[in-house]
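Protein chains: 2
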Amino acid sequence: MSRPSSVKKERQSVLLEKLTQDPFLTDEELAEIFKVSVPTIRLDRLELGIPELRERIKNVAEKNYTKVKSLNSKEIVGELLDISLGVGGMSILETDDSMAFERTKIIRGHYIYSLAESLAIAVIDADVALVGVANIKYKTPVYSGNKLLAKAEVKKVRDNKYIVWVNISHKQVEVFRGKFILVSLEKDFYDSEK
Amino acid sequence: MSRPSSVKKERQSVLLEKLTQDPFLTDEELAEIFKVSVPTIRLDRLELGIPELRERIKNVAEKNYTKVKSLNSKEIVGELLDISLGVGGMSILETDDSMAFERTKIIRGHYIYSLAESLAIAVIDADVALVGVANIKYKTPVYSGNKLLAKAEVKKVRDNKYIVWVNISHKQVEVFRGKFILVSLEKDFYDSEK
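Protein chains in written order, with UniProt numbering: chain A, 1 to 194; chain B, 1 to 194.
Please note that a few of the clues may not be correct.
Note: identical chains are not told apart, hence a pair may lie in one copy or across any two.
List time: in silico EDC-like cross-link candidates among lysine to aspartate or glutamate, alpha-carbon distance up to 20 Å [said to hold, decoys possible]:
#: 1; residue 1: 171; residue 2: 27
#: 2; residue 1: 151; residue 2: 82
#: 3; residue 1: 74; residue 2: 96
#: 4; residue 1: 67; residue 2: 127
#: 5; residue 1: 155; residue 2: 75
#: 6; residue 1: 105; residue 2: 75
None of these hints come from the bench; they were simulated from the model.
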C-alpha cells in the first residue's frame, strides 16, 4: 500500500493532466473525480501553483493573445488558452442563450464554426491568413451553457498554403471536427487591393 | 429597325431579368448597362411597378420571413429575398467594416459562412433543422462594403436528411460555394433533451 504523501503526489500529477485535457474542470468536479473534498482540491491547486478556474482562463488567454500574428485579439471568437504559431493551439467558448436557437436552445452552427475558424487562423505563422476551403462536421448538438474546448493542429505547410485540423469538444466528447485549408497573403496583395 | 416602343419593351424585359439576377443593381448601374439616362430607368421601373432598391429589398424580405419554419426572423443572417420551402431561396448581406479584418478590410469568413448557413437552414421544410456536414470554398476575398447575394437550392431530400447547395456572389462573381447536409429533428428529440 502507498503512503499518504505518495497518494497525494499521484493525485496531483493526475490533477495536472486532467486540467490540461479539460481546463474547464471546476474544483467541485475535480473533487468528485478524485473522491476527495473540495478543500483538498484547493490545497492541491495551491501547492501546484494553479489558480482557480476564472483566473486560470484569464491568465493564459492574456498571455496568448500577444503571440498571434494573423488576428487582433478582439477578432478572435473564444478565448485563447494556448498558442504555438505554426504548430497548434487551444481556445474555449462558453456558450449562452444569445448563441442558441430560441426554440431548442441548441447552439447555432455558425458560432461553433467561428470558434474553429478563428483558432485555425490564429495558429498560422503569417500576417494575413484566409480560409480557402473548409470541410466540417457537427457531430452532436451543443446546448446553451455548454463549455466548448477547441484544439487546432497545423498538419501541413507548403508555400503559402496551410492545412489545419480543428476539433471541438464538450466534456471530452467531440461535437465538431473540421479541416481548414488556409492561404497566407503577401503584404503587397492586400495593400494593393485597398 | 425596331420602333421606339418595341425598343423600350425589350429593354424593360431585359431589365426585369437583370434585377432577378442581381437585385442590388442601382438605377445608375442599370442606366449604364442600357446606355440610357437614369430618369429613363426610373420611368421603366415605374411602368413595371418595381420600387427602388432599398424599398425593393425591404418589401421582399418582410414577405419572406413569414414563410420560414425552421428559424425565427431575427435568427437569419442577411435579408431574405425569396424563399420556397423545400426548393430554394435567396438572401443578401451588405458587408461593412464591423465584419472585416481591421488590417486588410477583407470580410471575415465566418460572416459569409453564417449567411450561407442561415439560408441553407431557412429553405428546409421542417420545424428544426441542423447542419451536420458542410463542405465550403471561399473563392475570392470579399471586401468591406461589398454586397453579397446568396442563392440556395435544395438538391436532395431523403428521410430527415437534406442536401442544400449555396453559392454567394458579389456583382455576379462567385465568392463562396458550399454544400450543406442538414438533418431535421423531431419535436420529441429536442423537447426531451431540454
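Against the structure, the hints come out as follows:
no.	hint	in the structure
1	171 x 27	within (15 Å within a copy, 55 Å between copies)
2	151 x 82	within (9 Å within a copy, 38 Å between copies)
3	74 x 96	both (19 Å within a copy, 17 Å between copies)
4	67 x 127	within (12 Å within a copy, 44 Å between copies)
5	155 x 75	neither (23 Å within a copy, 35 Å between copies)
6	105 x 75	between (25 Å within a copy, 12 Å between copies)
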